[in-house]
Amino acid sequence: MCYALQKNRGYFIKTRVSMLSICAYFHVHQPMRIKRYRVFDIGRDHEYFNDSSETDLNNARVLQKVARKSYLPTNEILFGLLKRHKEFRFAFSFSGVLLDQLEAGFPEVLDSFKRLVAVGRVEILADTYHHSLAFFYAPEEFERQVRQHEQTIKRIFGVTPRVLRNTELSYRNDLALWAEKAGYLGIMAEGWEHYLGWRSPNFLYRPKDTKKIKVLLKNYRLSDDVAFRFSERSWKGWPLTADKFSGWVNANHGNGNTINLFMDFETFGEHQWEDSGIFHFLEALPQEIMRHPETTFKTPSETVQAYETVGEFDVPHILTWADTERDLSAWVGNDIQRSAITAIYGLEESVLETRNEKLIEDWRRLQTSDHFYYMCTKWFGDGDVHKYFNPYQSPYDAYIAFMNVLSDVKLRIQDNRVRRKPVRPLSKKRVRAGSIH
Amino acid sequence: MFGWEFPPYNSGGLGVACSGLARALAKENVDILFVLPKTLDILEPSIRFLFAGLENIKFKGAKTGLSPYKTASQYSRWKKLGVDDIYGDDLFAEVLRYAALVPGLIAGEEFDIIHAHDWLSFPAGIEAKRISGKPLIVHVHATGFDQGGGVHADSRVWRIEKEGMEEADAIIAVSEFTKRMIVDRYGINPEKIHVVYNGIDVDLHGAEGGVFQNVRNFGLKIPGYKIVLYVGRLTLQKGPDYFLRAAKRVLEENPKTFFVIAGSGDMERQMIRLSAELGIAQNVFFTGFVRGGDLERLYHAADLFVLPSVSEPFGITPLESLIADTPVLLSKQSGVSEVISHALKVDFWDVDEMANKIVSVLRYPPLKNELRRGGKQEALSLTWQKAAAKCVMLYKRIVDILSKPE
Chain P
16 MCYALQKNRG
26 YFIKTRVSML
36 SICAYFHVHQ
46 PMRIKRYRVF
56 DIGRDHEYFN
66 DSSETDLNNA
76 RVLQKVARKS
86 YLPTNEILFG
96 LLKRHKEFRF
106 AFSFSGVLLD
116 QLEAGFPEVL
126 DSFKRLVAVG
136 RVEILADTYH
146 HSLAFFYAPE
156 EFERQVRQHE
166 QTIKRIFGVT
176 PRVLRNTELS
186 YRNDLALWAE
196 KAGYLGIMAE
206 GWEHYLGWRS
216 PNFLYRPKDT
226 KKIKVLLKNY
236 RLSDDVAFRF
246 SERSWKGWPL
256 TADKFSGWVN
266 ANHGNGNTIN
276 LFMDFETFGE
286 HQWEDSGIFH
296 FLEALPQEIM
306 RHPETTFKTP
316 SETVQAYETV
326 GEFDVPHILT
336 WADTERDLSA
346 WVGNDIQRSA
356 ITAIYGLEES
366 VLETRNEKLI
376 EDWRRLQTSD
386 HFYYMCTKWF
396 GDGDVHKYFN
406 PYQSPYDAYI
416 AFMNVLSDVK
426 LRIQDNRVRR
436 KPVRPLSKKR
446 VRAGSIH
Chain H
458 MFGWEFPPYN
468 SGGLGVACSG
478 LARALAKENV
488 DILFVLPKTL
498 DILEPSIRFL
508 FAGLENIKFK
518 GAKTGLSPYK
528 TASQYSRWKK
538 LGVDDIYGDD
548 LFAEVLRYAA
558 LVPGLIAGEE
568 FDIIHAHDWL
578 SFPAGIEAKR
588 ISGKPLIVHV
598 HATGFDQGGG
608 VHADSRVWRI
618 EKEGMEEADA
628 IIAVSEFTKR
638 MIVDRYGINP
648 EKIHVVYNGI
658 DVDLHGAEGG
668 VFQNVRNFGL
678 KIPGYKIVLY
688 VGRLTLQKGP
698 DYFLRAAKRV
708 LEENPKTFFV
718 IAGSGDMERQ
728 MIRLSAELGI
738 AQNVFFTGFV
748 RGGDLERLYH
758 AADLFVLPSV
768 SEPFGITPLE
778 SLIADTPVLL
788 SKQSGVSEVI
798 SHALKVDFWD
808 VDEMANKIVS
818 VLRYPPLKNE
828 LRRGGKQEAL
838 SLTWQKAAAK
848 CVMLYKRIVD
858 ILSKPE
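As they're listed, the protein sequences go chains P and H.
Using the working numbering, the first residue of the first sequence is number 16, and each one after it goes up by one.
Using the working numbering, the first residue of the second sequence is number 458, and each one after it goes up by one.
Just so you know, these hints were derived from the structure itself, not from any lab.
Mixed in with the good hints there might be a few duds.
To be verified - Okay, derived cross-link-like pairs now, DSS-like style, lysine-lysine, Cα gap no bigger than 30 Å in a straight line:
1) Lys705/H / Lys425/P
2) Lys825/H / Lys425/P
3) Lys393/P / Lys705/H
As the list claims (entries may be wrong) - Taking CB as the label site, the calculated pair distances span:
4) Trp806/H / Arg76/P: 19 to 27 Å
5) Glu364/P / Arg830/H: 43 to 51 Å
6) Asp804/H / Arg76/P: 21 to 29 Å
7) Glu247/P / Arg854/H: 27 to 35 Å
8) Glu623/H / Asp258/P: 55 to 63 Å
9) Asp723/H / Glu368/P: 38 to 46 Å
10) Glu247/P / Lys861/H: 37 to 45 Å
Note that CB positions come from ideal geometry on N, CA and C, so glycine has one too.
Just chain H, same shape as in the assembly:
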């Protein structure tokens, strides 16, 4: 399995998904050789804690500068910082260099299936398939179009993604939303694509114990005031600007509302400027990137979580919010809206409707309660174990098909 960083070193949903799925697969008695693009000692305590008791998972680190949320230009800037010469000149060279490391990584290893997460690892996956002759499954957590706000994709990324999808024996998409995109934008046969929804590790949330008790001490939790929460990178894809424009409309109706934006990204300055331009800066709080106990605290303190994404293949954060007893408003352009019915849903561009629904939750307590009760139940039923069981079925089917004489 070619995957990405695990919590707490992750900076987004992909790492969470990789570790959640790997843990659950190991519990399903799948032996995993997990390749991580990591220079760190991968047997460090947090990973050992995460995989405690799971003997059938083995890690290998590959020294590479790849990281799932680095854009091509960010990679170039990083490279110019004068890091080690071994890394590729640009992101795309680095992706190929990673693939070139594969023979060394898999030499002497036995496996039946290659499972590669997202495009940066597709060339490595293809290389592993070429050497071993084993079937390849590519797992699509996001496409270049998502990063491009649903409309455009970097053509170089697109080519690598398309090649991976074509070379793969099967594709796993994290939602019907993503499956449609793979069919429409990459011209892939839908029969080859299997939807496996992400899950949530309930034991990891709330496992940190005492932190929740601090919720009442959370600075913005003032009687009479409501908190609306955004958690995500501040990028075009996530729609933070729509969130702010809705906030403006909400404040016209409900001045006693705070909007908390947890996350960082290339639009951060632009968003701070926008909140000033809209005249709502005194009600909007930018916390920067937040994780762990601080994030849990935000989830618990909020009255409503909003996912305003322009294009969201899945979206794990709403599940985290629901587990923390806070209801969610979801963009219809998201995978998670396919699996949570006890949620408010809105087209991301419909700022008025977004504001209408936010105000309604703040104004009508029974609405908040009903959404919270039903939504939490649904979130709790979305386990990684379910996702892993689907993957195992797919593994078996692929191995069976390929082992039959033609």
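So that you can see chain P by itself, here it is in the shape it has in the complex:
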């Protein structure tokens, strides 16, 4: 614990310093979008993600654009900031699906991330490899994906994640419990009033029924000021400067330990375009923030090690970052979404039995939450966010492509089963016929 002499009513007294740290993580993910896949393709075409059109279903094309507009220039800025400010630090959360795509076609982009991690002040969070909601549908599959993610992070970056972030920031008491058992120091969640009540997200909390693990709560107001509102001219905070934002952050001194800023990495240059001034903002932010002598930066694992919890965080129902409901309704809110996600997890046992790696990997790529998000019909009424991120002309088109692909996956499973079936003498088969079922 840290103490200092502070002047109080004319006396110097020994007092606990009001330290405040910024804990930022940037989520880096691009899904493998399913191409337009028709019923006639079932049984004939097993490549689901290789769209080569001029649309946003072309994964390489999208990633190329995002890398050019966002990843590369932002990494350049971040590298400079790390060099200039020894206190500056932050975290990345990568999906395995994105790393696959970078390894396959964008080595220079992957290198730019590696260079940042190599500095030593950039942490990487644990995640599901396939950016899936498996925890809530197939817990064992979830564990396999977290393990696969950890191995890949170790292989590419040489580090092992110690703090867990689940897809779409989805969280529930039992996830925290799982994470504690799996040995994680911390876990991320949305700092939503519904579960916080009057309490501030700027402290650490103890997830219900756990003993050691701590939960880091996203300060969604300050995070969204940057991620969503930065270029919104009708917003009263516009234009947002590093100076102004630092003022808002530092106003929390004495009322919190950590400001958790969680956002998509594409915020820089893709969601907020370059001409909005987002890069200048990022470039100037660390310096502005550290003008306050007692504000600094910490990575997530440093944060959980630095502070004690101040209370319990009890989340019996699924909590996410999304929409006003902060639930999974953007992913599984309607019948087509629910039928699709139920269908994909319904294949778990039979697909794993095939031990066909390509088939299993395709099945896992179909679990990526984005596929279900594209089937959301909420935006017909109000939300524009959903529409902006939808590469399909309609949620129904997304569903049709998904279900057709799923039919093909089922055929491949059957096909594998037939081929793997050992050939037995006819008489033996007859004897066993009745007892199998």
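Got chain P; can you put chain H on it based on the hints?
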């Protein structure tokens, strides 16, 4: 208001639209003098039923051989049947003769606005404007290009349409699709064109009560089999040939599917031949022109309604289908696809994609349910009252502008 036949004497969407709008306008307290090209006694019971309780609407019949779906050659054939000599020699002469009847029709009548529906009544509308000096609004439900499959239009029709649009103080288009066509093909200033979407009279659908209970007795409703429905005239504009070609592809995937084609028209024989040529005749059923309870029954029995139109200014039939709890697949070349988002949409020429979407609905029940649920909600929100309110606003604006001293 110069309009067209009402149900049950109509043979298509225009009559439905005219009566729906007139009823709703009357409810908005607009006094209407409704001129119908009709030889029938216009106070006959069905019209009295339709307008029951609406005192502020008055009808006048004009004796003319005009009918919205008669082509020039059909009119000539009709004329040769030896009908009364008073009618014009050809369709275009008849349109002008109708206009010449206008002075007699409006003598002694008081009105503030002239509202004319579709090109056949434009010359009459222009004449009424000339005599009375009152502003003219032309309401475009379809253009000559729609009838010509989106590409060509009869030049004589085009001239009459263009004159009407130019003479009009304002134009009402039934969709952005039609507005674009008016701008692109007729060179009209877009600022003069106002989009007012059609609606649907929910109280008229399902008002016939007991008929739906017969759905289960509908001959094609066999367990395990699916029904895909087409409702519309069998003409180039409506794309029935694309529907059949998609049906062929669907049957390759889902043999247990029936295709019901409800409607008649100049392509009927050609379509029957085509279904035989494609080898799918045993799965395609031509019902001829269907209305009322029979049509409701078809809507209810179907698993999916398809609107494959090549060029559809609006398209009321999909709304009728949605009200009857059957989801819809819409041509993107239609006005109705602008207002229904819970629908599958396809370019009419993309037969493979049309088939893909049909099969998907038949194969994945949640898709059908979600489309049905959301689509019905949207259809129910498209009321004629909304359309009428927009018209009234437009009336007021036009009258205000013209009453200001220049």
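query = Among all the numbered hints in the text so far, which are the ones the structure does not match?
reply = 3, 5 and 9
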